[in-house]
Every structure is written in structure tokens, then in C-alpha cells.
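The task is simple: from the sequences and hints, build the whole structure.
Protein chains in written order, with this note's numbering: chain A, 9 to 412; chain B, 9 to 412.
Note that these hints are calculated values from the structure, not bench results. Hints are not guaranteed to be accurate.
Said to hold, decoys possible - Restricting the straight-line Cα-Cα distance to at most 25 Å, the calculated cross-link-like pairs of lysine to aspartate or glutamate (DMTMM-like) are:
hint	chain 1	residue 1	chain 2	residue 2
1	B	Lys46	B	Glu145
2	B	Lys46	B	Glu410
3	A	Lys46	B	Asp370
4	A	Lys46	A	Glu410
5	A	Lys46	B	Asp368
6	B	Lys46	A	Asp370
7	A	Lys46	B	Asp366
8	A	Lys46	A	Asp403
9	A	Lys46	A	Glu145
10	A	Lys46	B	Glu369
11	B	Lys46	B	Asp163
12	B	Lys46	A	Asp368
13	A	Lys46	A	Asp163
14	B	Lys46	A	Glu369
15	B	Lys46	B	Asp403
16	B	Lys46	A	Asp366
Said to hold, decoys possible - Covered stretches of chain B, going by a simulated chain A footprint (3 or more residues, C-beta under 8 Å):
hint	region
17	72-82
18	93-105
19	327-336
20	342-348
21	359-367
Remember, predicted model here, so these are calculated numbers, not experimental data. Where a beta carbon is used, it is the ideal one built from N, C-alpha and C, also for glycine.
Protein chains: 2
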Amino acid sequence: MTAVDHPGPGVNIPDAFARSGVTAARGFRAAGAASGIKPTGALDLSVVVADAACPAAAVFTTSLAPAPPVELDRQRVEAGPIRALIVNSGVANAGTGAAGTADARAMGASLAGALACPDDQVLVCSTGVIGPRVPVERVSAAVPGLVAALGSDPDHATAAARGIMTTDSVPKQAEVHGDGWVVGGMAKGAGMLRPDMATMLAFLTTDAVASADVLGAALRRATASTFNCLNVDGCQSTNDTVILMASGASGVEPGTQELEDALTRLCADLALQMAVDAEGATKVVHIEVDGTADDDAARRLGRQVADSALVRSAFHGSDPNWGRVLAALGVAGVAIDQAAVEIAFDGTVVCRHGAAVDCDEDELSARLAGDFTVTCTVGAGPGSAVIVTTDLTPDYVVFNSERS
Amino acid sequence: MTAVDHPGPGVNIPDAFARSGVTAARGFRAAGAASGIKPTGALDLSVVVADAACPAAAVFTTSLAPAPPVELDRQRVEAGPIRALIVNSGVANAGTGAAGTADARAMGASLAGALACPDDQVLVCSTGVIGPRVPVERVSAAVPGLVAALGSDPDHATAAARGIMTTDSVPKQAEVHGDGWVVGGMAKGAGMLRPDMATMLAFLTTDAVASADVLGAALRRATASTFNCLNVDGCQSTNDTVILMASGASGVEPGTQELEDALTRLCADLALQMAVDAEGATKVVHIEVDGTADDDAARRLGRQVADSALVRSAFHGSDPNWGRVLAALGVAGVAIDQAAVEIAFDGTVVCRHGAAVDCDEDELSARLAGDFTVTCTVGAGPGSAVIVTTDLTPDYVVFNSERS
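See the structure below:
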């Protein structure tokens, strides 16, 4: 299994970087168009179409006020199989009440009509501003052209990846090659990112042979350690969705562990691209926690650290402020033994047995100017987790205080 | 019962504003000094001394990594009675391990020695940077002078209120007068403020007659709807403490409800002063939630809204962004009926039945330039709560990214 190379954290992916993303796996075509939802005239509507209806699985936001398309997709994925998905950006079709449900159904029906498949084989996603309704007539008018333009080369995949962007500065695509099969995908998300599916969408496809149940189990495990370990601003959204479809076109049925490993690498790649592109962020910080009773406890501790505006402001200032990290660890609801706590910034231990360790702070601070890792050992247990976050910057606040 | 007037939110309290604060109640004296802990030479050590050991109660941080003085005070309050307390600012005596416990004990012993009372009648608090040890020799050297200088006039109370300040720009004091008795106090806190006791200290005194049990019950209820409904940046600390002492010097034993009401008004006043003085904040926002099954559910919803960096960035931009409020309500873990949700900014309904309501957004935005209230009705239940928060500003991030 080999991953396609991609630029590391801190490096924006050039527009011209060719990836097949959501069409890397055989049996899928995609397209993106400007339907007029975005006033800028940018791409705002994407479709992904399988050659035939196929097994699918999904993970959705845990919000108790989900957007209408989320509720629709939940039913349709449960019923399966799935032929295609249609996604608009610009408006989220959230906070739209009963009208929003009708709009989501109409969006899906327009694609189902063009593909001559049952309505319930089409999944519908929206992302953007909460409140406004989707201009369904514009979507319907654009669908025939999108279907006519479907293709599986990198240009088509990239157009689809652009069509789902909101505040993203670059399209996000990745692919991982198994032994005779491929899993690839595209994602969007640059703010409102945090555990349990934040404002992010990811659409993944594979040509492996797998049942919906196998896909679902692998997807849940893969997202738990990737998208759900990404925390950019502690904000969750109404629309977050990860969808995985399997065409089976490779004829290869990988082992469940092999499939999960590939999916995890794919999701980790896309999650890192989201962190790199996070609104206002200047650096990516990995929070490693170990020594807990189990992985879940480590994840809760890491998320609490990444949730702290004080900790993330210190990251911005290249300040190895372990006191704020300790304070955050203390309020995660996980019992920790302060006498066992050791905290390191970029490999340099600054707190041992819960107390300060002398170090050359100026030298260490200089090393925190770019991406770095904070390691928190809180005991001798076998649990561990890695949370990916970014610094909190004045630009984030400026950007998010502008009226939308 | 009449509250002493004080400037409202958005108005800084002038230095010269005379309040008795922690010495408003008979039977208490206070003093503040510069012991040399703060490199600036500012006041950094305060004492409050009762004429005789008296009943006391306290509420502490829920952090599972509390500072050594918190652990010490927990034991001493439980044992009671309490004669005095000593508080330093500048260093928090947190993240200091076993040495920190010895330092806290030594700090208390120096005051106990000067007052000729048992060590365990003295409570010890620290606030400031996490990591460094308290310079106990400087504290001990300053204690005789502090004890010699004790007084009960406003100047002494204000000196004590200044001695506990860290990033506060003004001392925070309040008093509420009952029928023949008084409860007053001082507090500090301007960042790291959030539910369940954040980086805040409050020291309250009354001359009412009350047992430790009565004081404890009233204090827990008063803090639940005041300090624990204040959320400035979602960060909790290692040191948060509220202490209440009752001298009984008035000879009046108020009813439990009367005592609780007065304490609630006192704590609400101090909490509001903290919000007004929050780091970088330019406006105070009240989040009112109603229609829930119970008050606890309303509090969880309101806290989630006040925890959202996106919501608070929108507050800064005077943006009535109800979509972000709805998204936050959805992830509080409280079931809500979207069709029943109504959200108003400054009394103007912008979302009804979970969907947009037309309004003059420019006119509304102009009204959000100063303090305002966001009202969220999520059903028809009897539960309600008010959470006090502020806007998130670029200045907050700049301030907190500076190396300490």
C-alpha cells in the first residue's frame, strides 16, 4: 500500500497539483459547475456518480439540530444502495425548517431524473451560510450540464473538489493505493472544525469490493482517529458528513484491517489538509497524549488542550506555556496524577512530575515558530491519542467577525 | 435589601470609587502590600482577618489538577472554623508539586504566627502564572507589616482588592445590605473565565449569623447562577476559589432564602465586573435561554453558545448571526425541537420556527455595537438560564499570545 505524495503541513497545495481524488477509484465520475448560488460566480455545485448503484456508508454530525439534508441522507444511506451524490456550496440549507427538507429532496430529484435512477439512491449535501434556502431552480438548471460533463480524470475530480469549497483556499483531495484497489476522496473545511464532525464534508470512493456493513465499520474507525481528532476552533456544525461509496470495480475484496488502514491514511491526509488551510492559522500543532487508561481518555485530554483558546493563543506566540496545557488537562473530566505529568514542546521536556523543568526558553520558542508537537504523558497506562490543531490568531477573529 | 450602586456593564469602575468590599461587614479587617513577587512592584499580597475564628464555606475549581493551595483549603474549610486568609498574586503556586504544598503551608503559617492562631485556621490562595514557586521568604517578610496595617475602611479593602489582581485592570468589590446585616466582597479575574470556577478568586464576608452548613448551601446556590454562568473564554483554571466567612457581628440571623438572595446579588455584581474587565473584550453579551425541561438544560445550552469562538467573533463584528447560535445550540447535548427555536438579538427576532425571519439587518447590527442580549427560546418547558459572556477580539489573542 503506497500513499500518493502530497505537500506536508504548512505548505499550501498548488492549484495545478494533479490528483484524481474522488475519481481515483474505478467506477466513479465527477463534475463541478457554477450554478449561480455563489455571487462570485465560483464553482458551487458538484456531483459524484457511480456507474451503478453501490454499497455506501456515512458518518454524520452529532448535532441535535442537524440540517435537513443530513436527516435525508441518514435515511437513504440506511436504506442503500447509492448511485450518486450532489453537493452545493454557498448556503448550508440549515435553519430552513420544513422548506429546507423539500429543497433537499428537490435537489436530489433533479439529479435522479437526469440519471434515471430512484430518488432515494441520491445523497444530498449542502455547506455554507446557515439560514438562506438553496435556490433549487438554479441547481436543477445546472444538473443536465453537469451530468453531460461527467469525467474521471484529475481535472474533473478537481472541479468537483472546487465546487464544494466555502472558505477553503485550496481544493482538498487524496488517494491511497491498495493491492489492486484504490480509495480516494475530496473534502472541504477550513473553520468550525472539531471532533464529532464539524463543518466539513468528505466524499470518499473505492473500487474495492465491500458490503455496506464492512464499509460502515471501517469508516467509523477511520474517522475516529482522523477527522474526529481534528480540532481547529471547538465549533461543530449542522451539516458535517463523510460518505464512502464502493463500486467494487477492482474485483478485489481487501481484508477489513487492510481497508480500515487505507481509509485511515486517506482521512488523515484530508484532515491534515484541512488543518493546514484552517482560517487564520499559521501553524499546525499535534497534541500527543499517552499514559492514560485507554485511548478514549487520551482523546478527551487532547481535545481539551486543543479546545483551549489560551493554549492556542500561546501556540501563536511560540510560547511553550505548559501551565496552560496542565490547566486544560485538569478540566477534561479525566482523573490524572499530577505527580506523573510530563509535558514536552517539540521534544523538549518543560514539565516533569507536574512541576517546571529548566530549559533555554528562548531557544525553544524559536523552534515553535513553525509546526510542532506537544507531548503530554499523564501516567503509565496504555492509552494514547493524537489531536491535530492549529494556533489561534488575530486573523481568525477578524475573519469570523465580518458579517456574512 | 438594597444594593450599593455601581457602574453598569461597559463602564470601567474608576479607581477612586470608594467601596468597603471585603470589610463592609463588621468583624473583618484587611490589608494589601507589595511583597516583591510582582517584578513591577505592584501590590501582590493581601490578607483578610476576622476578629475571631468564624464559620466559613467555599467553592473550588472542579479541575482534577488543582493547585496545592486549593487542596489545602479544601481540608481546612471542611474542618473549620476560619480566622483569616492570605492571598498572593503574580504566581499561582500551581504545577509546583510537593514543594508547592510546603510553600502553601508556610505562607499560611506566617500569618497564623502573626495572629497567634492555629495554622489550620488560615486559608491560602494564589493566582498568577502556573509553574513558578511562591517566594515564601518575601511573603513571610511582608506579613508582620500587613498585620500591623489591618483596617476596615474602604482604602484598606481596596488595597486588599488590588493585591489579588493579575491581568485585571481595576479592583472588583461589591456589597449588599440586608436588614441589619451586610455581605460584601472582592474578586479578581479577567481571563480564563468559565463555568465551574475559572481563574477567578472571590472572597466574601458577612456579619450575619449563620452556620458553616447554611453558608455552604447558600454559597453553592449563589455561585451556580452567577460565577458559574460567566463564560469569557471557555478556559478553567487550577486555582479558582470562592470563600465566604461569617463573623456574626451583626447579631442578626437572616432566613436562608434572604441570605441566598443577598449572596446571589453580590456574586452577580462581582461576576459582571469580571465580564466588563475581560481581556480584550469590547462588549458584554447576556445569553438568555428558556423553554427547556429544566434550568440545567438551559444552562448547558447557554454555555455552549458562549463557548463558541465563531459566535463570539460574530458578536465582535455586531453580526446577528443566528445560524452560528443555532449550530452551537445543536451540539450542547440537549435535545431541542428545531421547529420551536426562536432566536432574538437585542429583542429583534431573527429566527422563528428554526428558520430565518426578515429584518433590517443593518439597523439591528448598529444596535449590537455595545452590550446586548441574545434570547434563545427552544421549546415550551419551564427551564431557563442566563449566561454572561463577551465578544472575542483580536486583542484577546494578541494579549494571550505574548510570552509570560
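Consistency of the hints with the structure:
Of the pairs offered as hints, the one joining Lys46/B and Glu145/B holds, with about 14 Å between alpha carbons and a cut-off of 25 Å not exceeded. The straight-line distance between the Cα atoms of Lys46/B and Glu410/B is roughly 17 Å, inside the 25 Å bound, and the hint therefore holds. Distance hint between Lys46/A and Asp370/B is fulfilled; the C-alpha atoms sit about 21 Å from each other, no more than 25 Å. About 17 Å separates the Cα atoms of Lys46/A and Glu410/A, which keeps this hinted pair within 25 Å; it holds.
Among the hinted pairs, Lys46/A with Asp368/B is consistent with the structure: their alpha-carbon atoms are about 22 Å apart, no more than 25 Å. At roughly 21 Å between alpha-carbon atoms, Lys46/B and Asp370/A fall within 25 Å of each other, so this suggested pair holds. Using a Cα cut-off of 25 Å, the hinted pair Lys46/A and Asp366/B holds, with the two alpha carbons roughly 20 Å apart. A C-alpha spacing of about 23 Å is found between Lys46/A and Asp403/A, which places the hinted pair at or below 25 Å, so the restraint holds.
Annotation: proposed proximity of Lys46/A to Glu145/A holds, straight-line Cα distance about 14 Å (limit 25 Å). A hinted pair counts as satisfied when its Cα atoms are at most 25 Å apart, and Lys46/A with Glu369/B qualifies at roughly 20 Å. Between Lys46/B and Asp163/B, the direct Cα distance comes to roughly 21 Å. Compliance with the 25 Å bound is thereby established for this hinted pair. Of the supplied pair hints, the one linking Lys46/B and Asp368/A holds, its CA atoms being roughly 22 Å apart against a limit of 25 Å.
With a C-alpha separation of about 21 Å, the suggested pair Lys46/A and Asp163/A falls inside the 25 Å cut-off, and the hint holds. Proximity of Lys46/B to Glu369/A is assessed by CA-CA distance (about 20 Å); at most 25 Å being required, the pair is judged to hold. A C-alpha spacing of about 23 Å is found between Lys46/B and Asp403/B, which places the hinted pair at or below 25 Å, so the restraint holds. Distance restraint check for Lys46/B and Asp366/A: the Cα-Cα separation of roughly 20 Å lies within the 25 Å cut-off, and the hinted pair is therefore satisfied.
Evaluation of the coverage hint for the region 72-82 of chain B: fulfilled, as 3 residues show C-beta separations to chain A shorter than 8 Å, against a requirement of three. Under the rule that three or more residues need a Cβ within less than 8 Å of chain A, the assignment of the region 93-105 of chain B holds, with 5 such residues. With 8 residues bearing a CB less than 8 Å from a CB of chain A, the region 327-336 of chain B meets the requirement of three and the coverage assertion stands. Counting residues of the region 342-348 of chain B whose beta carbon lies closer than 8 Å to any beta carbon of chain A gives 5, which reaches the threshold of three, so the coverage claim holds.
For a cut-off of 8 Å, the count of residues in the region 359-367 of chain B with a CB near a CB of chain A stands at 5, and the three-residue condition holds.
The structure meets every hint from the earlier list without exception.
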